[in-house]
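Undergrad: Below are the chains, spelled out letter by letter.
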Amino acid sequence: MTAAERSGGIPPEPIAAVAVAAESTDEKGGWTGAAAGWLERRLPIHKLLPTRQPFYIGSWVYVFGVVTIAALVWVVLSGVILAFFGPQWWHVSSIGRFVNSLHFWSVQLFFIFMVLHLWGQYWAAGWRNGRAPTWMVGVVIFLISVVTAFTGYISQQNLDAQWIAVNAKDAINSTGAGAFFNPLNFGQMYGLHVMLLPIAITLLVVLHVIQVRLRGVVAPLGATEADLVDGDSPAASGS
Amino acid sequence: MDGPVPYFHWGFIQISLANLVVIGVMLLIFVLALVLPFPGHRGRRDHDADQR
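Note that the protein sequences, when read in sequence, are chains A and B. Anchor point for the first sequence: position 235 equals 235 in the numbering used here, and the numbering is continuous, going up by one each time. Anchor point for the second sequence: position 34 equals 34 in the numbering used here, and the numbering is continuous, going up by one each time.
Worth flagging that the hints you see were computed from the coordinates, not collected in a lab. Predicted, not measured: the structure shown is a model, and the values here were computed from it. Cβ coordinates follow ideal geometry from the N, Cα and C atoms, glycine included. Be aware that one or more of the hints could be misleading.
What the hints assert, rightly or not - Under 7 Å between C-beta atoms, here's a sample of chain B residues computed to sit facing chain A: (1) M26; (2) F30; (3) L36.
Please put together the full structure from these sequences, using the hints given.
TA: Set out below in structure tokens:
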């Protein structure tokens with residue numbers, strides 16, 4: 001019995017023919033094909049990972065963004081360790097106090113360089129030429145970071161945390177939001193701090209970097225055509 | 001560490017010494033970033049000279 005007879009009289013298709021048919025299906029439609037086409041059009045790899053950058057990138061001002069991301073990496077890593085071992089460990093043991101301090105100071109650096117990045121982009125009017133969504137995502141990251149830091153202060157499990165939580169409860173109540181955001185509810189604050197808010201920040205930072213890559217770094221105010229040619233700077237900036 | 005934190009008052013502005021120092025350091029870093037040359041980056045004039 002031949003293969004065609006075994007399959008009910010339908011001859012088996014050669015592998016190459018199946019591959020060509022699948023490719024043409026991708027081009028014509030189908031959710032997978034449509035998604036692949038959209039990603040290829042919207043996120044071309046030469047824009048996501050450029051090997052050259054414009055001449056004006058050669059400035060320390062464009063380093064603030066990537067330093068902020070480096071600080072965020074340390075915040076997340078130290079935070080994961082703290083979450084594993086718990087409050088008694090980070091208050092009592094010497095290595096716990098060290099990791100706790102690492103978490104605190106990397107947060108300080110995260111905020112310092114995020115604000116420096118904000119200053120740099122503000123004075124360069126970084127929202128120009130279709131970059132308003134990039135700017136707005138940055139604003140949202142900043143606001144969520146403030147809430148994350150606030151829930152972090154409350155999650156310290158010490159007198160400082162209690163003092164902040166009790167005072168903040170009155171402040172939040174005065175806004176009318178106390179019913180669903182309660183600083184005295186440790187479970188809610190800790191859950192927001194270690195899960196929901198860090199995930200939101202991480203995803204938005206990834207989106208922010210992709211937006212910067214697609215549009216490119218905004219040219220300085222008053223830049224001429226000569227300034228827009230590729231320069232000698234390596235393509236290392238995340239700003 | 002457990003003592004009272006020094007504060008400064010100018011009219012309605014009230015700020016702790018620690019926060020004032022942080023803001024001062026940030027301003028210093030920002031100005032330095034603007035004026036310090038970036039390593040490995042040649043000046044615009046050198047680049048133009050190479051093009052000619």
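Undergrad: So, F30 (chain B) near chain A? Judge it on the closest CB pair being under 7 Å.
TA: holds (6 Å)
Undergrad: With a cut-off of 7 Å on the beta carbons, see whether L36 (chain B) makes it to chain A.
TA: holds (6 Å)
Undergrad: Holds or violated: the hint that M26 (chain B) contacts chain A, with Cβ atoms closer than 7 Å.
TA: OK, holds: M26 (chain B) within 7 Å of chain A, min 6 Å.
Comparing the model with each numbered hint stated earlier shows that all of them hold.
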